[in-house]
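Colleague: Quick note, the sequences are listed as chains A and B, same order. Be aware that the first sequence starts at 1, since it is given in my numbering, and climbs by one per residue. Be aware that the second sequence starts at 1, since it is given in my numbering, and climbs by one per residue.
Read the hints as simulated data drawn from the structure, not as lab findings. One should not assume that every hint holds.
[Unchecked claim] Taking CB as the label site, the calculated pair distances span: (1) Lys125/B with Ser286/A: 38 to 48 Å; (2) Phe26/A with Arg347/B: 52 to 62 Å; (3) Arg98/A with His277/B: 27 to 37 Å; (4) Gly327/B with Glu333/A: 39 to 49 Å; (5) Arg93/B with Pro114/A: 38 to 48 Å.
Cβ atoms here follow ideal geometry from the backbone N, Cα and C, with glycine treated the same way.
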Amino acid sequence: MAGRGTAHLRSPDASLLRVEHLVVEFPVGRTGLVVNAVSDVSLDILEGETLGIVGESGCGKSTTGRAVMQLPPPKSGTVVYDGVELTALKGEALRATRPRLQMIFQDPISSLNPRRTVRDIVREGLDIWGIGDKAARDAKVDEVLEAVGIDPANAGRRPHEFSGGQCQRISIARAVVTEPRLIICDEPVSALDVSVQAQILNLLEDMKARYGLTLVFIAHDLAVVKNVSDRVMVMYLGKVCEVAAPDALYASPAHPYTAALLAAIPVPDPGVRPDTSRVLGGEIPSPMAPPSGCRFRTRCPRAEERCATEEPELRAVADGQYVACHFPLTPGETIDFGPRAG
Amino acid sequence: MTVPVAEPTAEPAPGAPLLEVTDLTTHFETPGGIVRAVDGVSLTLERGKTLGIVGESGSGKTVLSRSIMGLLPKRGTIRGGSVRFDGVELMTRSPKEMRDFWGARMAMIFQDPMTSLNPVMKIGKQITESIRHHLDVDRDYATELAVTLLRSVRIPEPERRLRDYPHQLSGGMRQRVCIAVAMACGPALLFADEPTTALDVTVQAQVLDLMAAQQRERFMAIVLITHDLGVVAGRADEIAVMYAGRIVEKAPTSVLFTQTRMPYTKALLSSIPKLEHPSHSRLATIPGRPPNLVAPPAGCKFAPRCAQAQPRCLEEDPPLVPGSAPGHEYRCWFPVGTPEGDDALARNRAAGKTAGTTAGGAA
Ligand SMILES: Nc1ncnc2c1ncn2[C@@H]1O[C@H](COP(=O)(O)OP(=O)(O)OP(=O)(O)O)[C@@H](O)[C@H]1O
Ligand SMILES: Nc1ncnc2c1ncn2[C@@H]1O[C@H](COP(=O)(O)OP(=O)(O)OP(=O)(O)O)[C@@H](O)[C@H]1O
Ligand code: SF4
Ligand code: SF4
Ligand SMILES: [Mg+2]
Ligand SMILES: [Mg+2]
Numbered sequence: 001m002a003g004r005g006t007a008h009l010r011s012p013d014a015s016l017l018r019v020e021h022l023v024v025e026f027p028v029g030r031t032g033l034v035v036n037a038v039s040d041v042s043l044d045i046l047e048g049e050t051l052g053i054v055g056e057s058g059c060g061k062s063t064t065g066r067a068v069m070q071l072p073p074p075k076s077g078t079v080v081y082d083g084v085e086l087t088a089l090k091g092e093a094l095r096a097t098r099p100r101l102q103m104i105f106q107d108p109i110s111s112l113n114p115r116r117t118v119r120d121i122v123r124e125g126l127d128i129w130g131i132g133d134k135a136a137r138d139a140k141v142d143e144v145l146e147a148v149g150i151d152p153a154n155a156g157r158r159p160h161e162f163s164g165g166q167c168q169r170i171s172i173a174r175a176v177v178t179e180p181r182l183i184i185c186d187e188p189v190s191a192l193d194v195s196v197q198a199q200i201l202n203l204l205e206d207m208k209a210r211y212g213l214t215l216v217f218i219a220h221d222l223a224v225v226k227n228v229s230d231r232v233m234v235m236y237l238g239k240v241c242e243v244a245a246p247d248a249l250y251a252s253p254a255h256p257y258t259a260a261l262l263a264a265i266p267v268p269d270p271g272v273r274p275d276t277s278r279v280l281g282g283e284i285p286s287p288m289a290p291p292s293g294c295r296f297r298t299r300c301p302r303a304e305e306r307c308a309t310e311e312p313e314l315r316a317v318a319d320g321q322y323v324a325c326h327f328p329l330t331p332g333e334t335i336d337f338g339p340r341a342g
Numbered sequence: 001m002t003v004p005v006a007e008p009t010a011e012p013a014p015g016a017p018l019l020e021v022t023d024l025t026t027h028f029e030t031p032g033g034i035v036r037a038v039d040g041v042s043l044t045l046e047r048g049k050t051l052g053i054v055g056e057s058g059s060g061k062t063v064l065s066r067s068i069m070g071l072l073p074k075r076g077t078i079r080g081g082s083v084r085f086d087g088v089e090l091m092t093r094s095p096k097e098m099r100d101f102w103g104a105r106m107a108m109i110f111q112d113p114m115t116s117l118n119p120v121m122k123i124g125k126q127i128t129e130s131i132r133h134h135l136d137v138d139r140d141y142a143t144e145l146a147v148t149l150l151r152s153v154r155i156p157e158p159e160r161r162l163r164d165y166p167h168q169l170s171g172g173m174r175q176r177v178c179i180a181v182a183m184a185c186g187p188a189l190l191f192a193d194e195p196t197t198a199l200d201v202t203v204q205a206q207v208l209d210l211m212a213a214q215q216r217e218r219f220m221a222i223v224l225i226t227h228d229l230g231v232v233a234g235r236a237d238e239i240a241v242m243y244a245g246r247i248v249e250k251a252p253t254s255v256l257f258t259q260t261r262m263p264y265t266k267a268l269l270s271s272i273p274k275l276e277h278p279s280h281s282r283l284a285t286i287p288g289r290p291p292n293l294v295a296p297p298a299g300c301k302f303a304p305r306c307a308q309a310q311p312r313c314l315e316e317d318p319p320l321v322p323g324s325a326p327g328h329e330y331r332c333w334f335p336v337g338t339p340e341g342d343d344a345l346a347r348n349r350a351a352g353k354t355a356g357t358t359a360g361g362a363a
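In isolation and in its complexed conformation, chain B is listed as follows:
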């Protein structure tokens, strides 16, 4: 038995990317003011490719993916920009119209598998319901398909497991069931929001391998959201680094690591403890905290924490500019690894302070 693969709904323009997001904004009205959770994000993703999205907690990763999928509450949410999926504009669609896309064309798996599985429904029923909702098949066929899916995500004794409730499975098995549910209708695009953050390293490796195998089999595109640069380094074709609701650097994976331009990306990379370093190595840290998204700083949002910040950074918001490698973009007036950046850093070191700290920004 083969697992279905999604048919395109509209004839895609030749060479058009599967997903094309342009200047997407997503703001929330709150009593404290408007939270600019996603603030002008553009990205494209081709079929069969993986885009990694990294950034600190609160940088807007989850809101971005939910906004693309149209999975946000209507009340109090203000969205702008364009999301084209397979050539179809999604921004103007109602939640009811979006329902045909969810599951069938684009699917999502979350950090905590318990939140996406219904705790009081047997897992077999959860998978077959999803299948029967989107594919016009009878119950026996759906059950057979569910067994195939569970086997494909390496759940031992799948027939028996269909009768289990989610709490009867280990965390890793539950996440594999979520993948099976997400794969049920052969989506073209999978959002994986911290799919392995709650899992142990060996289970994480199993789950990520499994996603990669499913991706190869179905030529599926994946948006892999994580705060672990290690996870995306080995798995993503391209990485976008988010800070304060924006993409601050985006590049093919190896370029991001070897030609890092944005000081925030560099700081993130150097704050990770590395296995190859001897024990008790002093770790680099990023001072302070991400900005308040209700009233972010006027210039570069990273300026209060940036080791290279100069007066200009406090006044002018750096735009995304292309790097030397194809597909590389970053926001910074004084990029890392350039004479301007090196000078800025040397000036700040000599002065013992940065323009951001003198402005009273850093905590």
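Here chain A stands alone, though its shape is the one from the complex:
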């Protein structure tokens, strides 16, 4: 099946989160078929690090993030957070991890309860977990609202009275209020205007410094991911293609799919005309019947017989750069995806 393996993982003692061989499947009605949403994905995050996860729609980014939260628990694999195996936890024990492990979603407005005031929304975690007394909770809510740039004087209002960017600030306040160590951000800026997106990205960096956060940052915009991440993981059809530090990944992608993603980014520079020869063709195969061997092989110009029979394993190609490909690109090499439309 593009790639599995754990060569990219670091020492378990050093990592705040370590996920190994994660598998998530969704049954399709009564057909007996399953959607192979996440198929043997491993990742780890060091304390204070930001891991970016990129890949196209349906590749399993959100499912990976949600499986870490046990929403729902994975079919198989392990998720060790802060030394605790989450997949083994049930009921109350699992719930008790929530304040330390938070998630922020793409659509800021619909992820906030429209009937509650902003103060109640942000305070909810403290109330549920019984953190602090009433005065301490109010003070904490004011502090985090202030920190995300929402005037606490307006906290009596409801979400619809705020703009999309302000709602995302409120979501961030809600996530940091219980002082989690890890926050999984699922496309937190994808629905926002560029000017607001810049504000939220800067805010996340500030929050990270201020509260000593570790972040998983899921997005499909590679420039955004590069901006915030210390390490980037590229996914395709439920598999990991490549893991590397952003500057290395962007300078010399080793996986053909990473190269295709980078080549497709529209550059805000009129001197750079889109290069149609480097744009990936074809369609993503069905996750119900993923290709054998390397899952990217049906669209990969480098595919050979071996790619159909043998699933590539993640391996180091440079210091800190790991790729799951039988025939990776060497630094400086480009890839031609053949003639394109027109």
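Assemble chain B with the ligands onto chain A, guided by the hints.
Modeller: Then chain B with the ligands, alone, in the frame of chain A:
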């Protein structure tokens, strides 16, 4: 089989642009007051060219394109100004008269392909209906044409796909079908309103390449609406930046990027994360939010958020003035990259505030 190309309805004046919009206004009556969604926009577009329109959410991009096409509800909409298409004034036409233009002469594709495709009709029927509505052909011919169109937008197995419903296709395929539908009668002008915003980068590249190929083949003009400056940078001949229902800067693409004059354009450009910047680079931001379109500020609409704002900006609305390069226009009293602009910025930095913020505008 060849795909039809539109015939001009009236003999166009020699050298006349395909589209000529003059001082177009489009206001909406709402319980909260009159929303000035489009407030005096003028633009021209030649055949075969692409005009990019960029701006933040709510700046009036969609209303502008729908107003040009006459695709707005009559009730509560107040339109003024002139829209000439191929030498014909469209503002005075009834929706019934406009129907002959839609599809045949000008077509539109939207951000969400599901809203422009009928979810309960097979895609083959959707394409052939459009063809048969505008071209006097029989069903077999229309079907054959539909297959050709689907093949031209690179839908694999087009004969089989004709029998699919929209939900059976991926997002990228659906958008390609929308392009096929839009191309069915060979329009001279295509409005593409955020055609790729909902799509992944590689699919976006496929769809944009496809539009460009169709454009070359048919010498079609395109209005490409997007909030992504990256998308228009590589694709548009000219770019118009909209703010609060107006064009605040318009220029040939390379001029807009290299000789930016309007502070809003500059702020938009610098707030985008760039691939060539190292990770964790601090991004420039634009403080505050776009103005309320019911009661916009008196002077420059951008003043409450502008780093260069001076007292004059709060009182006098800057008109569109020409830049040094041909085709360049902007609205600003203290333009970026000029001594006046640099002075204004230096003054505000020294004072630690702008005329806009002291007026209590910025959030
Ligand atoms: N609850 C579910 N039931 C069935 N299939 C699901 C469910 N959630 C996700 N999937 C499928 O699992 C696969 C992975 O989906 P996922 O949402 O994780 O992708 P993603 O990478 O987050 O995509 P996007 O960029 O669109 O958010 C997709 O094929 C999706 O259709
Ligand atoms: N039918 C209507 N009645 C009242 N106001 C309207 C109507 N249609 C649009 N508006 C308002 O007109 C303004 C311009 O909207 P428009 O949809 O053109 O923005 P846009 O630039 O296309 O934004 P986006 O990037 O979000 O699509 C907005 O303030 C919007 O709320
Ligand atoms: S070369 Fe083979 S293994 Fe590598 S991405 Fe292509 S198909 Fe997969
Ligand atoms: S300098 Fe003045 S006129 Fe120019 S954009 Fe800023 S506020 Fe408007
Ligand atoms: Mg997702
Ligand atoms: Mg719009």
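Colleague: Which numbered hints are broken by the structure, listed smallest first?
Modeller: Of the numbered hints, just 1 does not hold.
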